[in-house]
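A.B. asks: Once you have looked at the hints, place chain H on chain V.
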Amino acid sequence: MIAQLALPIAQGGPVIPTFQRGSNCVRENRQFCWEWFSSHWSSTFQPRLIEHIELTAIAVGIGFVIAFVTALVAYRWEWAVNPATAVFALVYTIPSLAFFQLMVPFTGLTRLSAEIALVSYTLLILFRNILTGLREVPPDAIEAAQAMGLTRRQTLTRVELPLAMPAIMAGIRIATVTIISLATVAAFIGVGGLGEPIFNAIQTGFKTQFIAAGVLAVLLALVTDAVLVVVQRLLTPWARAKVG
Amino acid sequence: MQGVPDPGSAAAAIEFRAVTKRYPGREAPAVRELSLSVPAGEICVLIGPSGSGKTTAMKMVNRLIDITEGDITIGEQSVRSLDLTELRRGIGYVFQQIGLFPHMSVEDNIGTVPRLLGWNKQRIRDRVGELLELVGLEQSDARRYPGQFSGGQRQRIGVARAMAAGQPIMLMDEPFGAVDPIARDRLQNDFLRLHAEVRKTVIFVTHDIDEAIKMGHRIAILKDGELVQYGTPDDILASPANEFIADFVGADRGLKRLLLRELRDIELTSLNGGTDDLPTVDERTSLRDALSLMVTRRVTALTVMGEDGERRGTVSMETLAHFADRDKSDTGVEA
Chain V
1 MIAQLALPIA
11 QGGPVIPTFQ
21 RGSNCVRENR
31 QFCWEWFSSH
41 WSSTFQPRLI
51 EHIELTAIAV
61 GIGFVIAFVT
71 ALVAYRWEWA
81 VNPATAVFAL
91 VYTIPSLAFF
101 QLMVPFTGLT
111 RLSAEIALVS
121 YTLLILFRNI
131 LTGLREVPPD
141 AIEAAQAMGL
151 TRRQTLTRVE
161 LPLAMPAIMA
171 GIRIATVTII
181 SLATVAAFIG
191 VGGLGEPIFN
201 AIQTGFKTQF
211 IAAGVLAVLL
221 ALVTDAVLVV
231 VQRLLTPWAR
241 AKVG
Chain H
1 MQGVPDPGSA
11 AAAIEFRAVT
21 KRYPGREAPA
31 VRELSLSVPA
41 GEICVLIGPS
51 GSGKTTAMKM
61 VNRLIDITEG
71 DITIGEQSVR
81 SLDLTELRRG
91 IGYVFQQIGL
101 FPHMSVEDNI
111 GTVPRLLGWN
121 KQRIRDRVGE
131 LLELVGLEQS
141 DARRYPGQFS
151 GGQRQRIGVA
161 RAMAAGQPIM
171 LMDEPFGAVD
181 PIARDRLQND
191 FLRLHAEVRK
201 TVIFVTHDID
211 EAIKMGHRIA
221 ILKDGELVQY
231 GTPDDILASP
241 ANEFIADFVG
251 ADRGLKRLLL
261 RELRDIELTS
271 LNGGTDDLPT
281 VDERTSLRDA
291 LSLMVTRRVT
301 ALTVMGEDGE
311 RRGTVSMETL
321 AHFADRDKSD
331 TGVEA
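So the sequences go chain by chain: V and H. Numbering follows the working numbering, in which position 118 of the first sequence is assigned residue number 118; successive positions increment by one, without gaps. Numbering follows the working numbering, in which position 205 of the second sequence is assigned residue number 205; successive positions increment by one, without gaps.
Errors might be hidden in some of the hints.
Dumping the calculated DMTMM-like pairs for lysine to aspartate or glutamate here, alpha-carbon to alpha-carbon at most 20 angstroms [to be verified]:
1. H:256 - H:283
2. H:59 - V:140
3. H:223 - H:247
4. H:121 - H:141
5. H:256 - H:325
6. H:59 - V:143
Label pairs and their calculated CB-CB ranges [said to hold, decoys possible]:
7. V:241 - H:310: 52 to 60 angstroms
8. V:65 - H:181: 49 to 57 angstroms
9. V:241 - H:189: 28 to 36 angstroms
Computed far set for chain H versus chain V, every beta-carbon distance over 12 angstroms [what the hints assert, rightly or not]:
10. 49
11. 130
12. 139
13. 193
14. 248
15. 251
16. 264
17. 277
18. 300
Keep in mind that the hints were calculated from the coordinates and are not lab data. Just so it is clear, CB atoms sit at the ideal spot from N, CA and C, and this is done for glycine as well.
One chain only, chain V, in its complex shape:
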C-alpha cells in the first residue's frame, strides 16, 4: 500500500537538482534560487500551474452546479435543507488525504478521483451561501414581484437570484480559495498541480522548488480572489451605487 502511494510521487518526475552542474545557489540549497526557478519555469512550474487552475475550475464549476440545484430544491422545499446539509457537512469533514486515498480503489489514480474529492469540499460552502442568499432576499421585493404578476420562475430569475448574488459570489470566493489550497494535496495521487513540485521538494529537501510552488499557489489564490471580486462588482452594480 505504502509503496503504491509513493509511486505516483516518484512518477511525478524527480527534479532533484544536479548538484555538480548547478549553480552555487543550488548546490548550497539556499532559500531561493531565482535563476533556477526562471530556467525551470516552463518545464516544472507553468504546466503544474495550469493543471492546478484546471483542477480548481472543474471542481468549483461542477460543485457549483450540484450545490445550486440542491439549494434551489431546499429553498423551495424546506424539508430538504437538513438532509442536504448533513450530507455536505459529512463529506466536508473527511480529511483530504484520506479522501483522495479513499477514491483510489474506485476510480484509480486519476483526475476523476481528485475531482470527486475536491467537488465534495465545495458543496457545503456553496450550498449554504446560495441558500442563505436566497433566504435573505427582502420579502418586500418578492411580494412586489408577485403583486406585479411575475411567475414563480420569473421571480426567481429576475428578483431572487440577482438579489442573492452577493452571497452567492461570497460562497464562490471562499470555495475557490479553499480548493486552490486543497488541490495541492491532490498531487498525492499523482494528478499534477502545484502540489507535485511541493511533494518532490519535501522528498529532496530542495528549498527553491518548495518555496516557488508554495508561493505560486498562494499567488494563484490571491489573484483568483481579486478577479472574482471584480466579477462580483460587475454582477451587482446596484450595490455600489452611491446616494447623491
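C.D. replies: Below, chain H alone, put in the same frame as chain V:
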C-alpha cells in the same frame, strides 16, 4: 375585460360582494362579508385599527390573498375567473416600504410589467420618460438605482411603476407611511393632482384618518374584519355611525370637516357698510384656516377677497360653526 388593458384604458369599478377571508385555525374571520362598491375613477380609502382587515381586504383584489367566500369584481368580471398573472399585471400596486427592486435601475423597475407584456425597448423607454415627468422626476434618474433616492422620491418611482402599463386600477398599501410629514404632504398633493389627470380606480389603505379624509372620495372604516361605515369624508365626519367611528375620527371632527371646504364653496354674507376694518382673507382659504385666522386675530368675521382683488363678501364665525356642525343632509352630498 381583458387582464391586460392598453395604456389609457378606462378605469373600472371594483365591487366587493360579501367577501369573507378565513385563515385556518382562527375562529374569527379576518374579513367578514365585506360588501362595498368603488365607482370607476374614484379613490376609496380603507382605514381601521391594526387587525381590522383593511390590508387583507385590499390584497384580495389582486389575489395576493385568496378569497374564502364571496367575490370581487372588476368591471363586472370576477377576479376569481382571471388567470392570476394576467390579473396582477393589470393592477398597479404601490407598497409601503422598499417595494422597488433594489437591483434594478429606475427604468427597469418602472418597465417591469411592460417588459412582461412584451413591449419593445423603445416603447418602454418612451413610457418611462413620460412617467418620470408625470411624477416629477428627472429623465436622468432613469439609470440610477432605488438606493440613490430619498424615501419620497422612491415612492414617486413606485407610483410610476404601478401605472407603467396603463393599469386602470391601483392598489396602494400605506404608500406614504414611511416618509416624513412634509414629504408626505407633498406626495399626497401630487398624487391627488396626478389622479385628477389619470382617473384610475384606487384602493388606498392607511391608518391615518387625516390622510383618509384628504385622499378619499370615499372612506370605508373597518373594525375586526367588518365594515362599520362607508361614505364620503363629509358623511363620516358629519354623522359617525357609532361611538367607535366618532372616537376614530377624533373629537375635532368638526374642525376636520371645515378642511373639506374653501370659502369660495360657501355662500357669503353680502357686503354692507362698516366692514372695512375686518381682516381680509383669500377665497381659496379652507374654512378651517379662516376659523384659525379669526381666533388669532380675535375677530368674529372676515372679509373674503376674490383672486381679482375684489371683495366677495364676509364670513362670520357663526357660519363656520354651522358648517362644522350641520347635518350632512343639507350639504348636498349623496349618501
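A.B. asks: Does each hint hold? Answer for all of them.
C.D. replies: How the hints compare with the structure:
Of the pairs offered as hints, the one joining residue 256 of chain H and residue 283 of chain H holds, with about 18 angstroms between alpha carbons and a cut-off of 20 angstroms not exceeded. The hinted pair formed by residue 59 of chain H and residue 140 of chain V meets the criterion: a straight-line CA distance of about 14 angstroms does not exceed 20 angstroms. For the hint pairing residue 223 of chain H with residue 247 of chain H, the CA-to-CA distance comes to about 13 angstroms; that is within 20 angstroms, so the pair holds. The hinted pair formed by residue 121 of chain H and residue 141 of chain H meets the criterion: a straight-line CA distance of about 18 angstroms does not exceed 20 angstroms.
Proposed proximity of residue 256 of chain H and residue 325 of chain H is supported: the alpha carbons are some 11 angstroms apart, at most 20 angstroms. Distance restraint check for residue 59 of chain H and residue 143 of chain V: the Cα-Cα separation of roughly 11 angstroms lies within the 20 angstroms cut-off, and the hinted pair is therefore satisfied. At roughly 55 angstroms, the beta-carbon separation of residue 241 of chain V and residue 310 of chain H lies within the given 52 to 60 angstroms, and the hint holds. A C-beta distance of roughly 52 angstroms is found between residue 65 of chain V and residue 181 of chain H, which places it inside the suggested range of 49 to 57 angstroms.
Here the CB-CB span from residue 241 of chain V to residue 189 of chain H is close to 29 angstroms, well matched to the stated 28 to 36 angstroms. The non-interface label for residue 49 of chain H is consistent with chain V: the shortest C-beta to C-beta separation is roughly 23 angstroms, beyond 12 angstroms. Every Cβ of chain V is farther than 12 angstroms from the Cβ of residue 130 of chain H; the closest lies at roughly 19 angstroms, confirming the non-interface assignment. A cut-off of 12 angstroms between C-beta atoms confirms that residue 139 of chain H is not in contact with chain V; the least separation is 18 angstroms.
Against the 12 angstroms criterion, residue 193 of chain H stays outside the reach of chain V, whose nearest CB is about 25 angstroms from its own CB. Consistency note on residue 248 of chain H: stated as away from chain V, and its beta-carbon is indeed over 12 angstroms from all of that chain's, at 28 angstroms minimum. Remark: the non-interface label on residue 251 of chain H is consistent with the geometry, its nearest Cβ contact in chain V lying 36 angstroms away (cut-off 12 angstroms). With a least beta-carbon separation of about 41 angstroms from chain V, residue 264 of chain H lies farther than 12 angstroms from that chain, consistent with its non-interface assignment.
Here residue 277 of chain H stays apart from chain V, with its beta-carbon at least about 53 angstroms from theirs, past the 12 angstroms limit. The claim that residue 300 of chain H is not at the interface with chain V holds, since no C-beta of that chain comes within 12 angstroms of its own (minimum 52 angstroms).
Hint compliance for this structure: every hint is met.
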